[in-house]
Amino acid sequence: MSTKYPYYFHTLPDGRKLAYAVFGAIPQTCALMPKFVNGVPELSHVEPDAASPTSLIVYLHGFPSSRMEARFFSLAAKAKNATIIALDRPGFGRSDTDPNHSIDEFVRSDLRHFVDGVGSKLFNIDNVPNFDWVTANPKLKFGVLGISGGGPYTCSVLRQWKLQSEINGIKLPKLHSIGLVSALPPGLGVPGSFSKLPWISQLTLGMFSYLPKSWLSSVSLWQRSIILKLAQEYINADDDLNYEKRDQIAKQLKNYMAPVDYEVLESVPERNSTDTNTSKLEDKENFMRMYMEMTLDFALSSDKDYAMTFTSVSKLYFDDTNKFAVSVDDGGYNTRVDIYQGGLDFNVPKSLGVLLHGQITGSHYHFSENDAHVSTVINNRNLILDRLLL
1 MSTKYPYYFH TLPDGRKLAY AVFGAIPQTC ALMPKFVNGV PELSHVEPDA
51 ASPTSLIVYL HGFPSSRMEA RFFSLAAKAK NATIIALDRP GFGRSDTDPN
101 HSIDEFVRSD LRHFVDGVGS KLFNIDNVPN FDWVTANPKL KFGVLGISGG
151 GPYTCSVLRQ WKLQSEINGI KLPKLHSIGL VSALPPGLGV PGSFSKLPWI
201 SQLTLGMFSY LPKSWLSSVS LWQRSIILKL AQEYINADDD LNYEKRDQIA
251 KQLKNYMAPV DYEVLESVPE RNSTDTNTSK LEDKENFMRM YMEMTLDFAL
301 SSDKDYAMTF TSVSKLYFDD TNKFAVSVDD GGYNTRVDIY QGGLDFNVPK
351 SLGVLLHGQI TGSHYHFSEN DAHVSTVINN RNLILDRLLL
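Residue numbers 1 to 390, in this note's numbering, belong to the letters of the sequence shown in order.
These aren't lab readings, by the way, just hints derived from the structure by calculation.
Among the hints, erroneous ones may be present.
[Claimed, not checked] Distance condition first, Cα-Cα at most 30 Å in a straight line; then the derived DSSO-like pairs of lysine-lysine:
no., residue 1, residue 2
1, K254, K229
2, K78, K213
3, K350, K315
[Said to hold, decoys possible] The calculated label-pair distances, taken between Cβ atoms and stated as ranges, are:
no., residue 1, residue 2, range
4, D305, F346, 26 to 32 Å
5, W215, Y365, 23 to 29 Å
6, K251, W215, 26 to 32 Å
7, E244, D132, 50 to 56 Å
8, T135, K229, 20 to 26 Å
9, K254, T361, 46 to 52 Å
10, I170, L228, 16 to 22 Å
11, K174, L228, 39 to 45 Å
12, Q248, D132, 19 to 25 Å
13, E369, S327, 26 to 32 Å
14, D132, N370, 41 to 47 Å
From a predicted model like this one, the values you see are computed outputs, not experimental measurements.
Beta carbons are placed, not taken as given, at the ideal position from N, Cα and C, and that holds for glycine.
Sequences and hints are given; from them, build the entire structure.
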């Protein structure tokens with residue numbers, strides 16, 4: 001069994017499909033159908049909320065990860081009347097692969113078309129591709145939230161959408177705010193950037209950047225088999241209410257993450273046999289379950305597609321050797337940019353957070369000394385959203 005949370009597909013002009021989910025407040029006007037649960041289409045609308053959202057946030061997940069990562073923010077977003085749309089980037093989760101994928105081209109083409117199309121469905125304004133749903137909702141605040149490996153993609157949004165008022169003749173909406181959490185900076189290929197990573201990150205990213213593709217495929221599939229087994233066994237045990245087995249499986253994560261990350265995920269609420277529907281699971285913010293579903297979902301693609309995506313995207317983080325620099329005032333208007341960094345993060349250490357802050361003139365830097373990679377996201381989720389919605 002995989003995630004029970006509904007997801008949808010957006011079809012791009014070339015026929016590729018991007019999977020996505022909607023979190024937080026759902027507009028009354030929402031016209032998304034069909035939805036899919038466990039791969040099965042269900043011809044029904046999502047359940048709309050009473051109020052129209054005041055903000056729309058595009059969520060760009062980490063590496064490797066999936067749209068389900070955004071679920072950490074779902075309850076907080078709903079309480080703040082904000083809608084989050086989170087997609088699986090090409091080759092991750094349930095989205096089709098793109099052999100020609102690049103960070104800037106994804107933002108320029110796929111993401112632009114995706115945001116316009118899904119926004120039109122959320123606000124039931126069928127006039128793609130002109131962002132008419134933005135014009136029809138002038139008070140709506142539009143932001144982007146990038147986590148970990150989603151950082152370079154988010155920075156590309158900031159640079160392209162600030163420095164260009166339109167792409168391919170389509171006028172772009174103004175960026176109200178940007179959030180970058182435990183985020184990799186763009187251009188790790190710039191001299192000096194890679195050396196600021198901890199040795200384990202240098203080993204992992206360096207391996208996927210320089211080893212032969214045949215070796216990379218074997219290593220990525222070996223890693224994938226471990227991830228799939230761990231996540232599936234946890235979810236099965238949780239569904240069966242076998243808490244002892246579930247917790248034993250979860251403890252294996254201690255070997256792969258900082259202690260504070262494990263602790264924040266481990267705070268799993270007990271539930272009884274009646275608490276089996278999605279809304280109740282979400283209301284209790286079962287972080288470990290969310291993490292396992294996110295983990296399972298990103299590894300669902302075929303062996304061939306997974307290996308190709310994992311190796312090619314790893315290389316993309318090093319392809320951009322041009323020095324990245326942008327100001328929050330570029331484009332003739334101000335965009336709030338907030339950067340969040342944990343002092344115990346060994347995936348994206350403090351030095352890279354400081355580098356990213358220096359790359360974006362006028363950005364705000366938030367440092368949590370006792371947080372690591374995952375806990376920076378979960379423990380600061382309300383602050384992150386509040387700053388995006390200011």
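Hint by hint, here is what the structure shows:
no.	hint	verdict
1	K254 - K229	holds, 16 Å
2	K78 - K213	violated, 43 Å
3	K350 - K315	holds, 22 Å
4	D305 - F346: 26 to 32 Å	holds, 29 Å
5	W215 - Y365: 23 to 29 Å	violated, 38 Å
6	K251 - W215: 26 to 32 Å	holds, 31 Å
7	E244 - D132: 50 to 56 Å	holds, 54 Å
8	T135 - K229: 20 to 26 Å	violated, 49 Å
9	K254 - T361: 46 to 52 Å	violated, 40 Å
10	I170 - L228: 16 to 22 Å	violated, 39 Å
11	K174 - L228: 39 to 45 Å	holds, 41 Å
12	Q248 - D132: 19 to 25 Å	violated, 53 Å
13	E369 - S327: 26 to 32 Å	holds, 28 Å
14	D132 - N370: 41 to 47 Å	holds, 46 Å
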